[in-house]
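Trainee: Chain by chain, the residues run as shown.
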Amino acid sequence: RKEVEQDPGPFNVPEGATVAFNCTYSNSASQSFFWYRQDCRKEPKLLMSVYSSGNEDGRFTAQLNRASQYISLLIRDSKLSDSATYLCVVSYNAGNMLTFGGGTRLMVKP
Amino acid sequence: DAGVIQSPRHEVTEMGQEVTLRCKPISGHDYLFWYRQTMMRGLELLIYFNNNVPIDDSGMPEDRFSAKMPNASFSTLKIQPSEPRDSAVYFCATRARGRDSPLHFGNGTRLTVT
Numbered sequence: 131r132k133e134v135e136q137d138p139g140p141f142n143v144p145e146g147a148t149v150a151f152n153c154t155y156s157n158s159a160s161q162s163f164f165w166y167r168q169d170c171r172k173e174p175k176l177l178m179s180v181y182s183s184g185n186e187d188g189r190f191t192a193q194l195n196r197a198s199q200y201i202s203l204l205i206r207d208s209k210l211s212d213s214a215t216y217l218c219v220v221s222y223n224a225g226n227m228l229t230f231g232g233g234t235r236l237m238v239k240p
Numbered sequence: 003d004a005g006v007i008q009s010p011r012h013e014v015t016e017m018g019q020e021v022t023l024r025c026k027p028i029s030g031h032d033y034l035f036w037y038r039q040t041m042m043r044g045l046e047l048l049i050y051f052n053n054n055v056p057i058d059d060s061g062m063p064e065d066r067f068s069a070k071m072p073n074a075s076f077s078t079l080k081i082q083p084s085e086p087r088d089s090a091v092y093f094c095a096t097r098a099r100g101r102d103s104p105l106h107f108g109n110g111t112r113l114t115v116t
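Going down the list, the protein sequences come from chains A and B.
One point on numbering: in my numbering, the residue at position 45 of the first sequence is 175, and numbering is uninterrupted.
One point on numbering: in my numbering, the residue at position 7 of the second sequence is 9, and numbering is uninterrupted.
Hints listed in this document are in silico derivations from the structure and should not be mistaken for laboratory results.
In this text the structure is predicted, and so the values were computed from the model without any measurement.
Just to be clear, a hint being listed does not mean it is correct.
Listed next, the stretches of chain B that the computed footprint assigns to chain A, with coverage defined by at least 3 CB atoms under 8 Å from CB atoms of chain A [as the list claims (entries may be wrong)]: (1) 26–32; (2) 93–101.
Facing chain B, from chain A, some residues (calculated, C-beta under 10 Å) [what the hints assert, rightly or not]: (3) Gln168; (4) Ala197; (5) Tyr200; (6) Ser211; (7) Asn226; (8) Thr229.
Derived DMTMM-like pairs (lysine to aspartate or glutamate); straight-line CA-CA distance at most 25 Å [stated by the list, open to error]: (9) Lys80/B x Asp32/B; (10) Lys172/A x Asp65/B; (11) Lys239/A x Asp137/A; (12) Lys132/A x Glu64/B; (13) Lys172/A x Asp102/B; (14) Lys175/A x Glu64/B; (15) Lys172/A x Asp212/A; (16) Lys132/A x Asp32/B; (17) Lys172/A x Asp88/B; (18) Lys172/A x Asp32/B; (19) Lys132/A x Glu46/B; (20) Lys132/A x Asp187/A; (21) Lys26/B x Asp169/A; (22) Lys132/A x Asp102/B; (23) Lys132/A x Asp59/B.
Backbone N, C-alpha and C fix where the C-beta goes; we use that ideal spot for every residue, glycine too.
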């Protein structure tokens with residue numbers, strides 16, 4: 131079993147739709163969680179950190195469920211520019227061991 | 003801040019040649035990571051440094067790969083001799099001290115070994 135698992139997709143959604151991704155992790159000692167966005171042929175860029183109480187940044191909401199060991203990302207009112215691959219990242223050992231999921235590809239259509 | 007700077011952006015070389023990838027971290031970031039990304043295997047950690055010292059190189063594929071960080075502002079990843087299966091995008095990423103500090107990636111080096 132992979133340490134961090136994501137549904138690879140692709141998720142094909144129309145503009146304006148709400149879409150959610152989940153990411154499960156196996157290491158219960160995981161301490162920090164992040165969502166990154168990667169555009170085709172570009173580097174991953176931090177989208178948002180994920181806090182225990184959940185957090186929101188505009189149209190994006192991240193949640194953490196430690197009991198079930200998963201994090202989620204919700205995107206409301208999808209834009210064409212949201213089309214990308216979304217990577218979840220889980221870290222432990224004071225942030226030195228970071229494990230990336232395989233990514234979920236999102237395609238927003240007009 | 004200019005961010006993490008990698009060079010070259012693209013490298014095409016023949017099998018057997020030596021390849022050197024370069025990285026300049028964000029000033030003040032104590033940690034530097036080298037990753038490799040392929041379609042088949044996703045992002046793989048090769049090695050990371052803390053304060054210029056290699057901490058974990060268990061992800062380095064084999065002896066053909068080596069990495070150095072001679073000072074806080076420069077790191078190299080060397081492949082000698084290169085093989086076609088080394089073709090991938092190589093990312094350097096750095097982060098500040100602190101458990102919740104995120105990684106910041108460079109633009110990557112796209113390596114093609116023919």
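Trainee: Taking the closest Cβ pair, is threonine 229/A under 10 Å from chain B?
Mentor: Status holds, d = 8 Å.
Trainee: Tell me if the straight-line CA distance from lysine 172/A to aspartate 88/B falls inside 25 Å.
Mentor: 19 Å, holds
Trainee: What's the verdict on lysine 172/A and aspartate 65/B, does the C-alpha distance respect the 25 Å limit or exceed it?
Mentor: 28 Å, violated
Trainee: Holds or violated: lysine 132/A and aspartate 32/B, Cα atoms, limit 25 Å.
Mentor: 28 Å, violated
Trainee: Take a quick look at whether lysine 26/B and aspartate 169/A sit within 25 Å of each other, Cα to Cα.
Mentor: 22 Å, holds
Trainee: With a cut-off of 8 Å between beta carbons, are at least three residues of the segment 26–32 of chain B near chain A?
Mentor: violated (count 0)
Trainee: For the hint on alanine 197/A, just tell me whether its beta-carbon gets within less than 10 Å of chain B.
Mentor: The hint is violated - alanine 197/A has no Cβ within 10 Å of chain B, the shortest such distance being about 21 Å.
Trainee: Does the alpha-carbon distance linking lysine 172/A and aspartate 212/A stay inside the 25 Å limit?
Mentor: 14 Å, holds
Trainee: Would you mind confirming whether the straight-line C-alpha gap from lysine 132/A to glutamate 46/B stays at or under 25 Å?
Mentor: 13 Å, holds
Trainee: Does the closest beta carbon of chain B sit nearer than 10 Å to the beta carbon of glutamine 168/A?
Mentor: At 9 Å from the nearest chain B Cβ, glutamine 168/A passes the 10 Å test, so the hint holds.
Trainee: For a C-alpha distance cap of 25 Å, please report whether lysine 172/A and aspartate 32/B respect it.
Mentor: Roughly 24 Å between the alpha carbons, so the hint for lysine 172/A and aspartate 32/B holds.
Trainee: So is the segment 93–101 of chain B in contact with chain A by the C-beta rule, three or more residues under 8 Å, or is the coverage claim wrong?
Mentor: Result for this restraint: holds, n = 4.
Violated hints for the displayed structure, listed by number in ascending order: 1, 4, 5, 6, 10, 14, 16 and 20.
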